[in-house]
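Please build the complete structure, drawing on both the sequences and the hints.
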Amino acid sequence: MAASTASRLSPPRLHVSSPPPHLPLRRSRLSPLRAAKLEAVLSIGTHLIPHPRKAETGGEDAFFVSTDAGGVFAIADGVSGWAEKDVNPALFSRELMAHSSTFLKDEEVNHDPQLLLMKAHAATTSIGSATVIIAMLEKTGILKIASVGDCGLKVIRKGQVMFSTCPQEHYFDCPYQISSEAIGQTYMDALVCTVNLMEGDMIVSGSDGFFDNIFDQEIISVISESPGVDEAGKSLNFASGATEHMFKSFQIPIILKA
Numbered sequence: 014m015a016a017s018t019a020s021r022l023s024p025p026r027l028h029v030s031s032p033p034p035h036l037p038l039r040r041s042r043l044s045p046l047r048a049a050k051l052e053a054v055l056s057i058g059t060h061l062i063p064h065p066r067k068a069e070t071g072g073e074d075a076f077f078v079s080t081d082a083g084g085v086f087a088i089a090d091g092v093s094g095w096a097e098k099d100v101n102p103a104l105f106s107r108e109l110m111a112h113s114s115t116f117l118k119d120e121e122v123n124h125d126p127q128l129l130l131m132k133a134h135a136a137t138t139s140i141g142s143a144t145v146i147i148a149m150l151e152k153t154g155i156l157k158i159a160s161v162g163d164c165g166l167k168v169i170r171k172g173q174v175m176f177s178t179c180p181q182e183h184y185f186d187c188p189y190q191i192s193s194e195a196i197g198q199t200y201m202d203a204l205v206c207t208v209n210l211m212e213g214d215m216i217v218s219g220s221d222g223f224f225d226n227i228f229d230q231e232i233i234s235v236i237s238e239s240p241g242v243d244e245a246g247k248s249l250n251f252a253s254g255a256t257e258h259m260f261k262s263f264q265i266p267i268i269l270k271a
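14 is the number of the first residue of the sequence shown in my numbering; add one for each residue after it.
Since the hints were made in silico from the structure, they are not lab data.
Treat each hint with caution, since some may be false.
Keeping only pairs whose Cα atoms sit at most 25 angstroms apart, straight-line, the calculated PhoX-like set for lysine-lysine is [claimed, not checked]:
no.	residue 1	residue 2
1	171	152
2	157	171
3	167	157
4	132	118
5	98	67
6	118	157
7	152	132
8	152	118
9	152	167
10	157	132
Here it is as structure tokens:
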């Protein structure tokens, strides 16, 4: 499965628009984010392509976006191994994202992605586990990130990757994961970082199904070759490219890591 978001730090806006947060969709959705008083804002596009074997159920990834502050987005990837125990891996990731959306404006969260993960995890009752990443843009242009596992995020600036999160793994192909079980990781294990964004920066985020199947240079090429395409279109191009590589017999990032 390939779930991806493409976000660009837009010029300051005076217009305010507040589309509601959403759970996973199988179609591309453009969610332009706006903030008032000349504050930093993101324009976000999302796309999710389930693995063909999981297409009927919508796959195991989930995500949400929000207009809160300068913009918020998150991705959770349900761990497929739970299917061997007759547990639908998608239920945990979807509930985790639903609670993340609900607690976003909670006073205790205070626009902190790590605390949002804590609240959402504590409220999730489904059996299962998921890798997850949450990113929040401050109105000052600072992007705050909290991630557990191998969902990732890259910031592209002027044709180069200027920032990339690092996957957390116990060993190859066994990532850290937020879980319903006590042996799993918690919000305290999250990789927490901040990035100072500049106008025009492109943020690309996705599950391991995305980053395992597409190289950085291919991401950069999609951005440079489609200057007039909105973020929803770019997100579709990213996810489609990763999915296409998954079924071709040439080297992809996950093979080189093995």
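- prompt: Between residue 157 and residue 171, is the straight-line Cα distance small enough, at 25 angstroms or below?
  reply: Distance ~21 angstroms between residue 157 and residue 171 Cα, so the pair holds.
message: With the threshold set at 25 angstroms, check whether the alpha-carbon distance from residue 167 to residue 157 stays at or below it.
response: At roughly 13 angstroms apart (the allowed maximum being 25 angstroms), residue 157 and residue 167 satisfy the hint.
message: Would the hint linking residue 152 and residue 118 be met if the CA-CA limit is 25 angstroms?
response: Roughly 15 angstroms between the alpha carbons, so the hint for residue 152 and residue 118 holds.
- request: Decide if the proposed pair is consistent with the structure: residue 152 and residue 132, CA atoms, cutoff 25 angstroms inclusive.
  value: With a Cα-Cα distance of about 23 angstroms, the restraint between residue 152 and residue 132 holds, given a limit of 25 angstroms.
task: Verify the proposed pairing of residue 118 with residue 157, using a straight-line Cα cut of 25 angstroms.
output: Holds - the C-alpha atoms of residue 157 and residue 118 are around 16 angstroms apart, at most 25 angstroms.
- prompt: Has the given pair, residue 98 with residue 67, been kept, meaning a C-alpha gap of at most 25 angstroms?
  reply: Within the cut-off at roughly 16 angstroms; holds.
message: residue 152 and residue 167 were given as a pair; does the straight-line alpha-carbon distance stay at or below 25 angstroms?
response: Given that 25 angstroms is the threshold and the Cα spacing comes to 20 angstroms, the pair holds.
query: Between residue 157 and residue 132, does the CA-CA distance stay at or below 25 angstroms?
result: 17 angstroms, holds
Holds or violated: residue 171 to residue 152, with C-alpha atoms at most 25 angstroms apart: 22 angstroms, holds
message: What's the verdict on residue 132 and residue 118, does the C-alpha distance respect the 25 angstroms limit or exceed it?
response: Holds. Residue 132 to residue 118 sits at ~11 angstroms (cutoff 25 angstroms).
The structure fails none of the hints (numbered hints given earlier).
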